Amino acid sequence: KAGVTQTPRYLIKTRGQQVTLSCSPISGHRSVSWYQQTPGQGLQFLFEYFSETQRNKGNFPGRFSGRQFSNSRSEMNVSTLELGDSALYLCASSLGQGVGYTFGSGTRLTVV
Amino acid sequence: KQEVTQIPAALSVPEGENLVLNCSFTDSAIYNLQWFRQDPGKGLTSLLLIQSSQREQTSGRLNASLDKSSGRSTLYIAASQPGDSATYLCAVLISNSGNTPLVFGKGTRLSVIA
Chain A
9 KAGVTQTPRY LIKTRGQQVT LSCSPISGHR SVSWYQQTPG QGLQFLFEYF SETQRNKGNF
69 PGRFSGRQFS NSRSEMNVST LELGDSALYL CASSLGQGVG YTFGSGTRLT VV
Chain B
271 KQEVTQIPAA LSVPEGENLV LNCSFTDSAI YNLQWFRQDP GKGLTSLLLI QSSQREQTSG
331 RLNASLDKSS GRSTLYIAAS QPGDSATYLC AVLISNSGNT PLVFGKGTRL SVIA
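Going down the list, the protein sequences come from chains A and B.
Everything in the first sequence is counted per this note's numbering, starting at 9 for the first residue and increasing by one.
Everything in the second sequence is counted per this note's numbering, starting at 271 for the first residue and increasing by one.
Calculated from the structure, these hints are not laboratory results.
Computed from a predicted structure; not experimentally measured.
Treat the hints loosely; a few may be bogus.
[Claimed, not checked] Computed cross-link-like contacts, BS3-like style, restricted to lysine-lysine with a CA-CA straight-line distance of at most 30 Å: (1) B:K376 x A:K65; (2) B:K338 x A:K65; (3) A:K21 x B:K312; (4) B:K376 x A:K21.
[What the hints assert, rightly or not] Covered, in the sense of this in silico footprint (three residues per stretch, anywhere, with C-beta under 8 Å from a C-beta of chain B), are these stretches of chain A: (5) 45-54; (6) 108-117.
[Said to hold, decoys possible] Label-pair ranges, simulated between beta-carbon atoms: (7) A:N67 x B:S365: 16 to 24 Å; (8) A:L91 x B:P284: 37 to 45 Å; (9) A:K65 x B:P284: 43 to 51 Å; (10) B:T315 x A:S30: 14 to 22 Å; (11) B:G353 x A:R17: 20 to 28 Å; (12) B:N292 x A:A10: 28 to 36 Å.
C-beta: ideal position from N, C-alpha, C; glycine also.
Full structure from sequences and hints, please.
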């Protein structure tokens, strides 16, 4: 069965621009979580969606937002990009809490 | 606040050696713990998931143990191979209520030398 698909794999953006990342979960998975990974901070939780509702949000500024569609696909948006937003953004899907998470390959965002 | 620590941050071993990676967490009230592997620039691959009621899980050459009372988990890799070289991350889930995310350690970077 297909895994978690994240697109695009790589992005280069300029400071001040905005970006949208996409995540398609494993078929049947209704929970989608987003994480930011940087060398200094490790993996930090951004937000989680379940059945189109945001259930939890991490400690990130309002420039980071997300949504989930009725087919469980999710997007995250970062507005007014800053150099510090350069990171690997990972998406994970799950059938539900407590049954383990499957991660995608990530989107590498570079802000110049 | 739950904190997860992995020591050492990096480890280099000769091929064929058995090794143990450590993960500790500050709050023993966890729902489960998951071990992941990450290759450079790639996503996370799930290795083993241990529910809080379990003591260990095994998959091939990998064995993960969980001691909730002491806030520790170990990942044992038998007969290490160069292909095992990667960063290994552990993550804990505090609750299955839907209000808590995975909390990750910063990982142990493993190099297996041929």
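Checked hints:
Distance restraint check for B:K376 and A:K65: the Cα-Cα separation of roughly 20 Å lies within the 30 Å cut-off, and the hinted pair is therefore satisfied. Straight-line distance between C-alpha atoms of B:K338 and A:K65 comes to about 27 Å, which keeps the hinted pair within the 30 Å bound. For the suggested pair A:K21 and B:K312, the alpha carbons sit about 20 Å apart, so the restraint of at most 30 Å is met. Straight-line distance between C-alpha atoms of B:K376 and A:K21 comes to about 27 Å, which keeps the hinted pair within the 30 Å bound.
As drawn, the region 45-54 of chain A meets chain B at 3 residues by the rule of a beta-carbon pair under 8 Å; at three or more, the given contact holds. Counting residues of the region 108-117 of chain A whose CB lies closer than 8 Å to any CB of chain B gives 8, which reaches the minimum of 3, so the coverage claim holds. Checked against the hint of 16 to 24 Å, the C-beta distance between A:N67 and B:S365 comes to roughly 18 Å, which is consistent with it. The given range of 37 to 45 Å is respected by A:L91 and B:P284, whose C-beta atoms sit roughly 40 Å from each other.
For the pair A:K65 and B:P284, the supplied restraint of 43 to 51 Å holds, since their beta-carbon distance comes to about 45 Å. Checking the proposed 14 to 22 Å range against B:T315 and A:S30 shows it holds: the Cβ atoms sit about 21 Å from each other. At about 23 Å, the CB distance of B:G353 to A:R17 agrees with the hint of 20 to 28 Å. Hint check: B:N292 to A:A10, Cβ distance near 34 Å, so the stated range 28 to 36 Å holds.
Hint violations for this structure: none, all hints satisfied.
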